[in-house]
Amino acid sequence: MGFLAVVVDWVGLAVAAIVWGRKPFGQVAGRYVAAGLFLAMLGDSRVLGWAVDVSDSVAAYLWVSSSLLILIGGVCITSKPETVRPLDDGHVVRIATVLEIVTVCAVIFGGATSPGTRIVLAIVLLVITARQWRVVRANLWLHRQIEASERHFRALVDSTGDVIVRVGPSGLVEYASPAARRVLLRNPSSMNGRRIDEFVHDLHDTDVLGWLTSPSRTASDHLSFLAARSDGTTVHIEASWARLSNGYMLALRDVDDQILMRTQLEFAARTDSLTGLANRAYFEAELGKRLLTCGAATVMFCDLDRFKSVNDMNGHSVGDALLVEVAKRLSGAVDDALIARFGGDEFTVMLQAGLSRSRAMAAAERIKAAVAGLYDLGSMAFAVSMTVGITVEQEGSVDEVLRCADIALAAAKVAERGSIAEFETAMYETAIHRIHMDKRFRSAFAARELSLVYQPIVDSVGGAVVAAEALLRWLDEDGNPILSAPEIVDLAESFGTMAELGDWVMRTAFAQAVTWAELGWPIRVSVNVSSQQITDAAFAVRVTKALLDTKLDPTQVVLEITEDAFLEGNDAVLASLETLRGSGVRFAIDDFGTGYSNLGYLNRLPIYGIKLDRTFVAGLGERPEQEPIVRAVVGLAHELGMVICAEGVERIDELQVLQELGVHFVQGHLTGYPLQPNEFHDLLRRGPYDMRPANSADSLRQSGLSDRAT
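In the UniProt record's numbering, the protein residues as written are 1 to 710.
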């Protein structure tokens with residue numbers, strides 16, 4: 001047995017030498033153990049009587065020293081239990097323990113019975129006990145750490161918002177975290193032992209267990225399904241998962257809020273926030289899909305007439321409210337159509353594929369009719385019309401189809417506001433011509449190639465020239481008109497230069513009136529004002545500035561405004577007119593009876609007079625049915641305390657009827673063509689016209705020398 005002890009010591013020493021430089025034996029603990037084994041070997045050699053001849057007391061000291069060294073090594077290993085690695089450091093303790101037990105057995109069975117030997121034996125047993133206590137202490141510490149880690153993990157699982165579910169290989173739920181109460185409205189314990197698929201709303205839609213067991217699935221794949229709650233409702237779930245040695249671990253997350261937010265964002269991305277209609281981006285995307293699948297599309301461009309004036313005079317909140325109401329009417333006008341707010345007051349409509357031209361045009365008529373009419377916005381009401389451009393089964397790209405519809409819209413505006421125009425190839429040339437004319441107009445305006453002529457307004461009884469109406473002209477080098485005055489105004493409104501043009505007309509006409517007044521003829525000057533001008537929020541400021549710059553007496557100014565301008569601006573326009581009337585400026589309704597005539601406005605507006613349109617004057621004296629209408633209008637003007645002027649008077653019998661009916665002033669070719677400023681000056685110098693009933697037209701013209709026209 002002593003021989004066995006020596007062999008064990010030598011083997012232990014060899015092992016210690018081999019792993020001297022390795023962890024953990026390369027550390028201090030391993031070196032102490034190796035030194036202790038070496039001393040134990042020397043002591044064991046004494047037992048067998050080999051090698052050296054030493055006394056029993058020396059051998060005892062060697063064994064004691066060996067035990068102490070091994071004890072120190074054990075202390076070094078276990079003094080910091082948290083550093084113990086069971087698969088590494090534990091080997092050192094096991095080896096040392098086995099070697100010491102073998103040594104003690106060798107001593108006992110080898111016959112070492114001296115007192116020194118017994119002392120050594122007691123010390124070795126003490127060392128073994130101490131070292132094992134250290135090992136037990138380390139194991140207890142590790143156990144407490146594992147328990148603490150488990151408590152931490154369970155607290156983490158219990159506090160997370162996701163439902164943590166452990167599923168066995170057969171699909172049975174083995175554990176569900178407390179979050180199941182909030183997410184699935186289920187008691188976690190009630191889920192145990194049930195198949196995971198029982199909690200899926202539609203098994204035909206999602207097979208959870210089949211998904212988990214699929215070999216093609218990896219932990220990076222996320223599973224989404226609709227889960228059934230205990231109260232019958234559902235919740236959208238997104239599950240992350242991991243494979244375990246005996247099942248699966250799932251983290252079920254409630255994504256209802258995320259899906260709702262995603263839905264809202266997608267809705268916002270394709271919807272106009274004000275009207276709820278589709279927006280431009282979505283419309284263009286859908287148009288692109290239609291062209292890709294069908295090769296052609298029927299598209300409309302719809303524009304609210306003079307909407308800008310509503311915004312300018314009443315504020316954007318009123319304009320927005322009007323757009324919302326228009327959108328409601330548009331939505332109910334046609335079926336199976338995509339309607340979008342393209343921008344501002346422009347709307348686009350894409351009709352269903354394959355419509356015939358007649359059905360497409362009928363749809364356009366329904367849209368126009370649905371939108372047109374009065375809109376009551378609380379304290380204000382507006383008369384609205386819509387102009388429509390349409391292209392039927394148009395081929396091409398998205399931009400090309402939209403361009404065709406836009407060109408048709410422009411053509412409709414030129415023809416008549418509130419009308420419908422279908423795209424034709426020839427409209428390309430018209431559009432190009434308009435662009436060319438706009439450039440030419442801007443150049444002409446900058447170069448002062450525009451001019452004003454003046455047509456006399458004459459007292460129907462006394463024949464005196466009481467006023468001059470300023471009329472806009474744009475002539476070429478030969479004196480031929482390039483565009484008529486209405487065409488010039490339409491061009492200026494379309495391209496945003498109306499305010500600048502209107503300022504120039506007012507300043508020029510006001511300055512001319514000042515010149516005539518300085519020469520001794522302080523007559524009034526009458527200036528036409530477009531709807532776009534009067535609905536400009538700065539209209540009153542512009543007029544006032546023109547008066548101050550030219551030093552014209554405001555009482556010498558009459559601004560002629562069409563009826564529809566009052567309907568568009570409403571209270572804001574009235575406030576602007578009242579401001580100007582307070583300074584002395586007068587207003588007259590031009591072309592009375594041809595627009596949206598609402599006699600209720602006459603009693604509210606600060607109107608000085610009415611200008612009776614040529615359509616009522618023509619035929620007086622020849623067609624008896626005309627006279628009652630004119631008589632009624634003249635009577636209305638008299639009742640309201642307004643003056644009335646008849647436009648377009650060309651025959652002497654027309655003048656005689658107007659005189660009999662009590663018309664105050666007349667204007668037309670009978671009393672004078674539009675004249676250049678110097679010619680008008682000559683007319684003033686010749687004195688009043690001879691307005692006697694027995695006079696002939698030629699005599700009347702000669703009396704005023706009014707045939708010198710330009």
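Errors might be hidden in some of the hints.
As the list claims (entries may be wrong) - Cross-link-like lysine-lysine pairs, in silico, BS3-like; alpha carbons within 30 Å at most:
hint, residue 1, residue 2
1, K308, K328
2, K289, K368
3, K308, K439
4, K413, K328
5, K439, K289
6, K439, K545
7, K413, K308
8, K368, K328
9, K289, K328
10, K413, K439
11, K413, K368
12, K368, K308
As the list claims (entries may be wrong) - Label-pair restraints from in silico Cβ distances:
hint, residue 1, residue 2, range
13, E325, L156, 14 to 24 Å
14, Q264, T615, 28 to 38 Å
15, G396, T263, 52 to 62 Å
16, E325, M249, 50 to 60 Å
17, E325, E416, 41 to 51 Å
18, G373, D202, 47 to 57 Å
19, I629, V541, 22 to 32 Å
20, R686, T497, 10 to 20 Å
21, G373, R623, 41 to 51 Å
22, R623, R686, 25 to 35 Å
23, T234, E147, 19 to 29 Å
24, G520, R448, 46 to 56 Å
25, V461, T497, 33 to 43 Å
26, E325, M261, 57 to 67 Å
None of these hints come from the bench; they were simulated from the model.
We put the CB at the ideal spot given by N, CA and C, even for glycine.
These are the hints, each one checked on the structure:
1. Simply put, K308 and K328 have alpha-carbon atoms about 20 Å apart, close enough for the 30 Å limit, and the pair holds.
2. Our distance criterion of 30 Å between C-alpha atoms is met by K289 and K368, whose separation comes to about 27 Å.
3. As the CA atoms of K308 and K439 are separated by approximately 23 Å, the hinted pair is consistent with the 30 Å bound.
4. With a C-alpha separation of about 23 Å, the suggested pairing of K413 with K328 holds against the 30 Å cut-off.
5. Between K439 and K289 the CA atoms are separated by roughly 37 Å; this puts the pair beyond 30 Å, and the hint is violated.
6. Proposed proximity of K439 and K545 is supported: the alpha carbons are some 28 Å apart, at most 30 Å.
7. A threshold of 30 Å between alpha carbons decides the hint, and for K413 with K308 the separation of about 15 Å falls inside it, so the pair holds.
8. This hinted pair checks out: K368 and K328 have alpha carbons roughly 13 Å apart, not beyond 30 Å.
9. Taking the CA atoms of K289 and K328, the gap is about 26 Å. The hint holds against a cut of 30 Å.
10. Pair hint K413 plus K439 holds up; C-alpha atoms about 19 Å apart against a cutoff of 30 Å.
11. Distance check on the hinted pair: K413 and K368 sit about 13 Å apart at the alpha-carbon level, within 30 Å; holds.
12. For the hint linking K368 to K308, the alpha-carbon distance of about 19 Å falls within 30 Å, and the restraint holds.
13. Checking the proposed 14 to 24 Å range against E325 and L156 shows it is violated: the Cβ atoms sit about 56 Å from each other.
14. Checked against the hint of 28 to 38 Å, the pair Q264 and T615 fails, with Cβ atoms roughly 56 Å apart.
15. As the Cβ distance of G396 to T263 is approximately 34 Å, the hint placing it in 52 to 62 Å is violated.
16. A beta carbon spacing of about 57 Å between E325 and M249 agrees with the range 50 to 60 Å that was offered as a hint.
17. Checked against the hint of 41 to 51 Å, the C-beta distance between E325 and E416 comes to roughly 24 Å, which is inconsistent with it.
18. At roughly 49 Å, the beta carbons of G373 and D202 sit within the given window of 47 to 57 Å.
19. Our hint of 22 to 32 Å for I629 and V541 is violated, since their Cβ atoms are close to 39 Å apart.
20. Between R686 and T497 the Cβ separation comes to about 38 Å, which falls outside the hinted range of 10 to 20 Å.
21. Taken as a hint, the range 41 to 51 Å is violated for the pair G373 and R623, whose Cβ atoms sit roughly 33 Å apart.
22. Look at R623 against R686: about 34 Å separates their beta carbons, and that is inside 25 to 35 Å.
23. A hinted range of 19 to 29 Å is violated for the C-beta pair T234 and E147, which are about 39 Å apart.
24. The given range of 46 to 56 Å is broken by G520 and R448, whose C-beta atoms sit roughly 28 Å from each other.
25. Evaluation of the 33 to 43 Å hint for V461 and T497 yields a pass: the beta carbon distance comes to about 42 Å.
26. Between E325 and M261 the C-beta distance comes to about 30 Å, which lies outside the given range of 57 to 67 Å.
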